[in-house]
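So the sequence lines, in the order shown, correspond to chains A and B. First residue of the first sequence: 100, per this note's numbering; consecutive thereafter. First residue of the second sequence: 10, per this note's numbering; consecutive thereafter.
It should be emphasised that the hints constitute simulated quantities derived from the structure, not laboratory data. Even for Gly, the Cβ is constructed at its ideal location relative to N, Cα and C. Mixed in with the good hints there might be a few duds.
Sample of chain A residues at the chain B side, in silico, Cβ under 10 Å [as the list claims (entries may be wrong)]:
(1) THR104
(2) ARG115
(3) VAL150
(4) LEU154
Pulled from the structure, derived: some chain B residues nowhere near chain A, Cβ distances all over 12 Å [said to hold, decoys possible]:
(5) ARG43
(6) VAL279
(7) MET284
(8) PRO293
(9) GLN294
Covered by chain B, according to a simulated footprint, are these stretches of chain A (three or more residues, beta-carbon under 8 Å) [what the hints assert, rightly or not]:
(10) 160 to 167
(11) 199 to 206
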Amino acid sequence: MTLDTILILVVLTNLRLLGASRIGASVRTVAVQGILLGLLALLAHHGEPSVSVWLVAVGGAVLKGVVFPWLLLRALRSADVEREVEPFVGPIASLLAGVAALGVSLWLAQRLPLPDGAHSSVLVAVALFSILVGLFLIVARKKAISQVLGFLVMENGIYTFGVALVRESPLLVELGVMLDVFVAVFVMGIALFHISREFDHIDTHELTTLKD
Amino acid sequence: MQATSLIQPVLALVLSPLMFGVINRTKAWFAGRRGPPVLQAYYDLSKLLRKGAVYSRTTTWVFRAGPIVGLAAVLVATVLVPLGGEPAPLAFTGDLILLACVLGLMRFFTVTAALDTGSSFEGMGASREVTFSALAEPALLLGLAAMARLTGSLSLSGMSTAMALETWRQAGPVLALVTAALMVVLLAENARLPVDDPNTHLELTMIHEVMALDHCGPDLAFILYGAALKLWVLAALLVGLMLPVRTGNAWLDIGAGLGAMFAVAVAVGVVESSMARLRLLRVPQLLVGAGALAALALILTLK
């Protein structure tokens, strides 16, 4: 029941991302999603969560809920970009695509039964949905920062999938993944800054016309 | 049909203008004003009914039929919605479609009456009304479909009687999603704030008000009363389907339902005091968002 509620909140944050028109709001939504995933990791474990579970959950929540948004908002400020999202696909079409993607991922999830089947049946669907939304955000948004957000959402989806599939993934693996993502976001933040310094915008659409 | 199921329509006829009074009082309280009397809508109605009507020579019978058919349609809607666990006087399988249809009929006649005046100004309001309601209706129907799927009943009264505290415990997220979607539909259909500002008479922002500009006297009273009843119907739909108070005593249940109705009115007032009107371009986004919530609820009940 509480697991389902958190999963639905994750779905809602994804829909909010699809409909958002301000970059600041999108970054904050991804932050909320990160904290929700931390809660999810705690609740998905049956019985008393061990120390490593606590470490991964709290570490993930802090990293995704506080550090990443802070890094991205700082990059936004220093790159001095406009606050509009500038989508290729408008918010209404994005929302409709999101609902369709949700239907598809629920249908797929029913075809992919879990080996132990102990977890909520929506878990796999939400994981697939997050991955699809992340891919969609990467493809359908112009600004580099939206693509970083799409990457993060996709990673969140994979993380959810991991929670669903693995009873207790090794601490080292989890920490390694988290470190990878951290470095990725860090590098992307710096890259963002340099793109905007070089070209006065972070519009990746314009980058296709570059010549050497 | 039990005698107690007649209570809701009678209450609707008597108390619906009071909803406006409660909303205005809430807004006045937020703004630190005294506000109009709670019974102001009744005074307006009695004043308008004593006046005569003036009709432009360019209008036809459509213009005169608009307010009457609109009021008649919404009166039919009042006997379809349940309140406080009591079945509605008129309940049959699929009456939720009739509810949407009757509200659509009311809108159709309001819109054609506005177009009949030939004023480009009213045509603009009519166009907006139709655009937004075309987006609000899927949200309403998807939400009701989710409720039908959840309770296993295709009638509004059946859904209402099936609702209990246990349903909230089992399917809380679905119910919360449908509630949110229905609340947005209520705000949009009644031309309340984030969609339309009932206070302004500025041509660029009006939707509902602009369509009633050429009506006067009793016709305007019918439109005002019809709007009050429509607010009542949608609020009763929300309360009747969602409020899980079922004590078994009809009077207690209806009392609780009535309290929740005015809580909805207060909530509308709070929304209006704390939010600005959305840009017209953003309104479809809100309505599609509500539709997405309802669709999510339906998908969750289907799995």
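Okay, the hints, checked on the actual structure:
Annotation: interface hint on THR104(A) holds; nearest CB of chain B at approximately 5 Å, less than 10 Å. The closest approach between the C-beta of ARG115(A) and any C-beta of chain B is roughly 8 Å, which is under the 10 Å cut-off, so the hint is satisfied. At a threshold of 10 Å, the smallest CB-CB gap from VAL150(A) to chain B is about 31 Å, leaving the interface hint violated. Contact between LEU154(A) and chain B, as hinted, is not supported at the beta carbon level, the nearest pair being about 29 Å apart and thus beyond 10 Å.
Every Cβ of chain A is farther than 12 Å from the Cβ of ARG43(B); the closest lies at roughly 37 Å, confirming the non-interface assignment. For VAL279(B), the shortest C-beta to C-beta distance to chain A comes to about 22 Å, beyond the 12 Å cut-off, and the non-interface label holds. Consistency note on MET284(B): stated as away from chain A, and its beta-carbon is indeed over 12 Å from all of that chain's, at 16 Å minimum. At roughly 6 Å from the closest C-beta of chain A, the C-beta of PRO293(B) falls inside 12 Å, breaking its exclusion from the interface.
The non-interface label for GLN294(B) is inconsistent with chain A: the shortest C-beta to C-beta separation is roughly 5 Å, within 12 Å. Evaluation of the coverage hint for the segment 160 to 167 of chain A: breached, as 0 residues show C-beta separations to chain B shorter than 8 Å, against a requirement of three. With a cut-off of 8 Å between beta carbons, the segment 199 to 206 of chain A has 3 residues touching chain B; three or more are needed, and the interface restraint holds.
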